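Undergrad: Listed below, chain by chain, are the residues.
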Amino acid sequence: MLATGVVGVAEDPWIRWDWISRHLDVIGAALIQHIELTVIAVGLGVLIAVPLGLLAWRRRLFRGPVFSLTGILYTIPSLALFSFLIPFTGLTVLTAEIGLVSYTLLILIRNIVIGLDSVPAEVREAARGMGYRRLNQLAQVDFPLAVPAIIAGIRIAAVTTIGLVTVTALIGEGGLGSLILDGLIRDFKTPLVVGTVLSVGLAVVADVSLASLQRVITPWSRGRAVI
Amino acid sequence: MTFIGQVLQWFLDGAHWQGDGGIPHRLSEHIAMSGISLLAAAVIALPIGIILGHVGRGGNLAINISNVGRAVPSFALLVIAVELVGIGAVPAFIALVALGIPPIVTNSYIGMREVDADVLEAARGMGMRGRMVLSRVELPIALPFIMAGIRTSAVNIVATATLAALVAWGGLGRFIVDGLGQQDYPMLYAGAILVAILSLIVEFTLAGVQRMATPAGLRPSKAIQKEERGSLIRRNSGRR
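Taken in order, these protein sequences are the chains called A and B.
Take -1 as the starting number for the first sequence in the numbering used here and just add one per residue.
Take 672 as the starting number for the second sequence in the numbering used here and just add one per residue.
If we strip away everything but chain A, and leave its shape as in the complex, we get (with noise of 0.2 Å):
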């Protein structure tokens, strides 16, 4: 074991509540860092992919290359990636994101090109029929319905960045991930266990809002399963 966490503490259990209730105010700013770092991360990441999706669906061409380079950006490991980052951004909130976004890009560029691909042919013929040009039909007819499976992409790229963001403690950043981290380093489980606690609530609390704001903007598809 490290160093005991608290002196005179001989026994260290799960959760103590006397800690939490004395540091409320520090849990609040970890669980406010934990969601900006996820909102900016998500939110630049569908800013990124809905063009390179887009670009990927229109040109089949470019579909390899995007594909190829997002997919080495998500297979690299996050300390690696924001390594690679840190000698030319140093410690910084700049740092984490472009790693966290980095991440969001190949989930979210995938379900964009898989679900603008499934729009059924006859549905792309009629509006053509009827006239649409090609921006107008891409915005009314096409996006409309390839929303829940791009729903589904930015649910995943949610609770995957909401995992990562705790990573981003080792770089100073960290939300929620800094208590695991303070957990870890004075070997006192309370802010290890509430830092788990609220990070996985945190991602159910997103995952199940985003699922039923896509029931709610795209009332035709509820019943049908999206993946």
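No lab work stands behind these hints, which were simulated from the structure alone.
Owing to the predicted nature of the structure, the values given are computational and were not obtained by experimental measurement.
Be a bit skeptical, because a hint or two may be false.
Pair by pair, the computed Cβ-Cβ distance ranges are [claimed, not checked]:
1) B:PRO886 <-> A:ALA209: 34 to 40 Å
2) A:VAL203 <-> B:ALA686: 27 to 33 Å
3) A:VAL195 <-> B:ARG795: 30 to 36 Å
4) B:LEU698 <-> A:VAL202: 36 to 42 Å
5) B:VAL880 <-> A:SER116: 25 to 31 Å
6) A:SER116 <-> B:ARG800: 38 to 44 Å
We put the beta carbon where it would ideally sit given N, CA and C, even for glycine.
Position chain B against the provided structure of chain A, taking the given hints into account.
TA: Just chain B now, with coordinates in the frame of chain A:
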């Protein structure tokens, strides 16, 4: 340019290639730990996924275990293991096995459910019995999915083994964690390069194995492949 030079110099320094802290030893630690953890995860997860898929029960469990696995941060898993058994190789092993199990369970379950009921009917009609149906029909059809699960787990395990340097274990993460701690950026960078290359090799190798694991009858036929190639050339022809 100077920084790249420093990294290169780090790699060329003979001292970094010798002894317990050298690249060969750290690399072999990383590979051994990842390999043993993957093996243990597969031994636990494959029977669960295959049996659930074969009998067609517990689908919710088999599929949701991956979602739960994604929601639990691997960093937290590692620290929890430390609190349970102390620091060193053992908690690293426990955390890596735990995080390797879900993708294998889910994918092998899905693979088994992919087998068409008509195909099973035909196999039984040809006189195959339970175990034979499993080994000659179901498993070969499920194999590409099973391999996909193993590949996902392997990449996750190799990545998280890097974090295990935090809990006083070795592996390539040692260079990164020590590089961070000592602000030795050439070492940090060298460690990151080694870890990234190892991960990409694992990913590409297992992707190749996954392709080879697809039974010939299930591979896209030559005609379809030709059609795919054709569509690459006459892209945007309104085929979709």
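Undergrad: Between VAL203 (chain A) and ALA686 (chain B), does the C-beta distance stay in 27 to 33 Å?
TA: Violated, since VAL203 (chain A) and ALA686 (chain B) (Cβ atoms, about 50 Å apart) do not stay within the stated range.
Undergrad: Please check whether VAL195 (chain A) and ARG795 (chain B) have a Cβ separation lying inside 30 to 36 Å.
TA: The hinted range 30 to 36 Å is violated for VAL195 (chain A) and ARG795 (chain B), with Cβ atoms some 49 Å apart.
Undergrad: So does LEU698 (chain B) sit 36 to 42 Å from VAL202 (chain A), Cβ to Cβ?
TA: holds (38 Å)
Undergrad: May I ask you to test the hint 34 to 40 Å on the CB atoms belonging to PRO886 (chain B) and ALA209 (chain A)?
TA: Holds, since PRO886 (chain B) and ALA209 (chain A) (Cβ atoms, about 36 Å apart) stay within the stated range.
Undergrad: Can you tell me whether the CB distance of SER116 (chain A) to ARG800 (chain B) sits inside 38 to 44 Å?
TA: holds (39 Å)
Undergrad: Between VAL880 (chain B) and SER116 (chain A), is the Cβ distance one that fits in 25 to 31 Å?
TA: Check passed, 29 Å falls within 25 to 31 Å.
Hints 2 and 3 from the earlier list are contradicted by this structure; the remaining hints agree with it.
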